[in-house]
Every structure is written in structure tokens, then in C-alpha cells.
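Enquirer: These protein sequence lines map, in sequence, to chains D and F. Per this note's numbering, the first sequence starts with residue 1, numbered consecutively. Per this note's numbering, the second sequence starts with residue 1001, numbered consecutively.
I should point out that these hints are in silico values taken from the structure, not numbers from a laboratory. Worth double-checking, as some hints may not be accurate.
Here are the simulated DSSO-like cross-link-like pairs (lysine-lysine), alpha carbons at most 30 Å apart as the crow flies [stated by the list, open to error]:
1. D:Lys90 x D:Lys75
2. F:Lys1266 x D:Lys208
3. D:Lys75 x D:Lys206
4. D:Lys206 x F:Lys1266
5. F:Lys1266 x F:Lys1065
6. F:Lys1241 x F:Lys1152
Small disclaimer: the values here were computed from a predicted structure and weren't measured.
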Amino acid sequence: MSGTPGAILEVRDLHTQFSTLDGVVRAVDGVSFDVARGETLGIVGESGCGKSVTAMSILRLIPPETGRIAAGSIKFEGEELTTLSEEEMKRLRGHRISMIFQEPMTSLNPVLTVGTQIAENVVRHLGVSWKQGRERAFEMLDLVRIADARRRLDEYPHQLSGGMRQRVMIAMALSCDPQVLIADEPTTALDVTIQAQILDLMIELKEKTGTAIVLITHDLGVVAETTERVVVMYAGRKVEQATVEQLFEEPLHPYTRGLMRAIPRLDVEADAAGTRPRLQEIPGLVPILTQPIVGCAFAPRCGFATDRCRSERPPLVDAGAGHLVACWELDRVRRTA
Amino acid sequence: MSDAPVLQVEGLVKHFPIHGGLLQRQVGAVRAVDGVTFSIRRGETLGLVGESGCGKSTIGKVVLKLIEPTAGKIVLAGEDVTALKPGTMWTHRRRIQTIFQDPYSSMNPRLPSGTIVGEPLENFGIAKGAARDDRVAQLFRRVGLRPEAMRKYAHEFSGGQRQRLGIAKALSVNPDVIVADEPVSALDVSVQAQVLNLLIDLQEEYGLAYLFISHDLAVMRHISHRIAVMYLGRIVELTDKRTLFTQPLHPYTEALLSAATAPDPKRRRQRKRIVQGDVPSPAKPPPGCHFHTRCLYATAECKVTAPPLLEVAPGHHVACLRRPVGGDPGLLSIPG
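This is chain D alone, in the form it adopts within the complex (with noise of 0.2 Å):
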């Protein structure tokens, strides 16, 4: 399968899986998306659904005792990484492709300065001068809208709040020109009010320095203010993926529209008695991912399924002006509101 012009990242037939006690979990199971340069590209899914993994199997940071990408490709800019070496990996990651996480205490090293902390990413991967380095992390932080930014480079995570935690792990992840930035939850743990400040931050930057973004999220609020295209994980596999407008306007795996009507909204108006409108359970649980599953995953919670549904897996196929999904009876969702 040859990738879409201007791809910087693509992502083939991708399985990642664990051995545990119970068995074997497929948290991957045979996923396919491209990244275009510059581009913000959101991965969407309840917990298990395999986004996490995606991204970790992408940095290959997969713990090797316990989980492996057992099949599939990953190209970034056209090279490889799932046979590149460690020492191959570790020049790429924070460099070429960088990353920032849900919780960026855990992330940043306690007993150095951020300075410190974004001036070695730079001295490491940049071959500069210890000097120019701090410099940069000087630069990076003011980018950021860390107000006293000079200050600032000599203290320790902890001064910080955790707003300014997460700049600043921005301005590391940012540093050396990253083509891709891969951000796990990056606004999860943060409050309503920062949470809208860094995300307009991600986005201004993005725009400034021309680095593509995974967001990876469980919200959908997040993901339609934030993203252009948008992939659809449940359990291990791509089930829908369009750009923001076509996914928003008409969702239409069932396993979508039912995460859509399950939010609680803020944009809808209650009726004029105020009652509350029930909101749309999906029923049962996301199946065990260390049973094979046969068919399609969500056949089990699903209204529309038939009996080829939980025997035959759906492929991805083109609803229209590149609408993929994955779904027997797609006519039939459509036809339904």
C-alpha cells in the first residue's frame, strides 16, 4: 500500500501485543492511518482502545519484558523505525519526533532545572554549545508564554504549577524542530481554563513551526476544537476515521454515534421545562482483548448487528470523500438518524 503525498508518518497493518498471565492482549490489532506534514491529526477511543499503545509502538517505547509490535510498519519519512536499533531510536525521539504526556511531573526530572532539562535535549541532538543550548531553552520557554522566562530556566518542576509544568514540557518537546509531536492526554490533568490555554498554545505553534501533531484523547470536545482529520479506535482497530467536519456533521460507525450521544452537551439547550434529556447509554463493556475477537468488535453493544457482523470482520471502506469506516451495515446507520 503506498502512503498519501506528503505523508510524514505512516502507519501499516500495525499489531502491538502484551503477554500477561491471562494470555496474549491484542491492545493493537492491525491498524493503519498516515500523518501529513503539518498536519493535526486526533486519535479518539475510550480506555483499551489501543491509542496509547499506537502512540508508544510509534516511539518504540513498548516495554520489551513484557509487549511487542508483533506485525506491521511504521515509516516516518519514508525510513523505517520498527527495525531501527535503540541507539537509531534514541538520536530520533525529542528530536525528529518528540513527545509530551498526560502527567508532566512524571515526565520531568525533579532534581534538575527545566533550563537544564530542555538545554541537554538541545545539546544532545543539536551538537551545540552547552551556551547556546540554555539560550535556546530561554528562547523555547518564551514561545511558550512563560512569563519571566530568564528566571524561570533555574527552577525545578516543582515551583511550577501544572500548567506551566506542561509548557514546559512543551518547549522540550518543541526544541529541536520536531517534524511530529505525539501528544498522549497532553490537557487530561489539567484545569478547564489552562486546559484552553494550552491547547490554543499547541495550535498556535503548530501553525508557527509547521510541526504535524497525534493528539491523542479520549474527549471528543477536544478533539473538534483541536484537530483536522480524526482516527476512531475500539479495541485494538481503526473503526472510523474523516476529517473533523465529516466525523462531527455525520458519524457513522455505530460505535461514533454512540459515544456522541452519551456526552452530556453544553451546547444543547435543555428544553424550555428544563428537563433533562436522557442521555444514550452504550450497553455492556468493551470486549477482552485476550480472546480473539471474531467479527466486528462492537458487534456485541451494537443495535445494528447481524449475524455477519460477529463472524465477519468489516473492512475499512470509502462512505465517501474519504469517510472510512468500518461497519457491515453502513446503509442501514445512515438511513437511521
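Based on these hints, arrange chain F on the given structure of chain D.
Expert: Chain F only, in chain D's frame:
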């Protein structure tokens, strides 16, 4: 909804001392809750919303008398429970129960779930033996769990099912009030909907009053009747849900609403974020109006005078100096 409040809180204050120096003397205090007044009626949900450190969870704990208030008054079903010591408070705990964000941490991992849910029944002498088991089975069914699951242990349940267990346990003693502190924050969207629907059904069935604590505005809008917005230990706005979302009067409420994300890509370009900076530390809150450091409309007076919470329209309380009583709601509308 009856008019008599089942829970009344007046001028509630909770300060946590900060010790420092060689002799570990008290050098300051975290003003977690700084003079909060509200009441909840039977069958009503009052939402407490605000960001980390605003004191919403502390209010929950003080109201439950898990920690003692520094000042103020708590009246539960007509009875002043403020000064009650643990021994006498105990009998009142039947009236007020709680649901936590992470029910798992509140459950004994060595006891079967049926025993956990049935414990309050024995503790309060409501039922024991076979009668207790019947009541527990009934509770399991009511919250959507199979009675056979009574034999299972907490770790054998999913997150959503554990929250159902927590709800069953809280319900077991027929309380008047349930304090729910972020009960759905740890749950996935599809499961969150199940739990919210269950809470609403139970409220209608038993006339429960909820003190519902959350940072999530969309969840708040869904479940609450009235909402109190908190900032650094104080209520800055308190009104019915509809008014809060359509005619917010406090600049902080406006800021919160402007910061919330909505699952609609068309809205993003129109959005105007109107708040910058971080929440100041509750150990050193700014003088005057706590919000003045981040407020678009702050004047010199806001920096020195703490605004009282005034009723500016029937049932609509706002603490803002720039909000005159009965004033023009357009005064604070966002410029541009």
C-alpha cells in the same frame, strides 16, 4: 421538590494551618473554604463547580463531618450538626452518605461486594442475616448489578460497576442527602452516561438531594438543578442551571464557560478565550476579590474590597462589585 431545605450550610469556613520554622509554629493557613452559604432541598441537585483548589471537595468533606469546620453552621434535616462529636454524629450519618470518584479505594479488597454493600445495614441495625441479604440483593438489582455478583470481590468489577456498588452502598441506609464528589470523572464516556442516568433515576425515585461536586461543566449542566461556581474558597455565583449557562453574571463564570470545549468543530473559530494565567495559591489568595488578578474588568476597588454574594435577581446570587443589584445584565458582556 419540596421547599424545606434538607441541608443548610451557613458561613462555612475551613482553614488548614500551615506549620513552619524551627518550632513548627503555625505560620499561615490555607483558606480552603472561606465563608460559604447554600442550601439544598429534597429531590434537588446542587452542583459545586470550580477548578482545583477552589474548595469544592473540602466542602463535601466538612458537610459529611469527615473534617471539622473552622467556623459556620451545618444543618441537616432541621438539626444543627455542626458541633456534634463523632459519637453523636454517628447516628446522623444515616441521613447523609457519599459517593467517591474512585470507589475502589473505599472498598475492602478482602470482602465480597455483598458484604461491603450490606455493612451499613448492620452498622445502623437496620437489617441482618437473611433480611440483610435480601435488601442487598434488591439494591444490587436497583443499581443494575446481578444479585449473584454479591459473591464477587471489588477487583472483579469494572470501573462503572464499582461505581454502581458505591451507589448501592450509599443508598442502603435510605439517606436524605448524597455527597457525590466527581463520581463520573474516572469513567469512560459510555459508562459515564449509564451512571449519570442511574443517579437521576434514583433521585426521582427516592427524592434524594445531591451535593454534586465536579469540574466538568457539561456533566454539571446535565445533572444539576442549581449550580454554585466556586473560586478560591468562595462562591462567586449561584443560580439555577439555565440562567447560569445562558446569562452568567460573574466574570469567572464567563471565563469558565469560554474555556470549555464543545464537540462541535464549527464552534472553534468563533471561540474567544477570555481568561489567562493560573489560579493563585489558596494559601496566599489575592486580597479583595480573589479573581481580580485574572479578571478582564477588574478595577482598583476590586483589589481591596471582597465583594459580598448578593441576590441580584430572584435566586441569582453573584459576588462582583461591578454587578449592581437589579443591574443591566449586559454590563459585563464580553467586548468584541
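Enquirer: Each hint needs a verdict: does it hold in this structure or not?
Expert: Hint check results:
1. D:Lys90 x D:Lys75: Holds. Lys90 (chain D) to Lys75 (chain D) sits at ~16 Å (cutoff 30 Å).
2. F:Lys1266 x D:Lys208: At roughly 22 Å apart (the allowed maximum being 30 Å), Lys208 (chain D) and Lys1266 (chain F) satisfy the hint.
3. D:Lys75 x D:Lys206: The hint holds at about 21 Å.
4. D:Lys206 x F:Lys1266: Holds. Lys206 (chain D) to Lys1266 (chain F) sits at ~20 Å (cutoff 30 Å).
5. F:Lys1266 x F:Lys1065: violated (46 Å)
6. F:Lys1241 x F:Lys1152: Between Lys1241 (chain F) and Lys1152 (chain F) the Cα gap is close to 40 Å, so the pair fails against 30 Å, i.e. violated.
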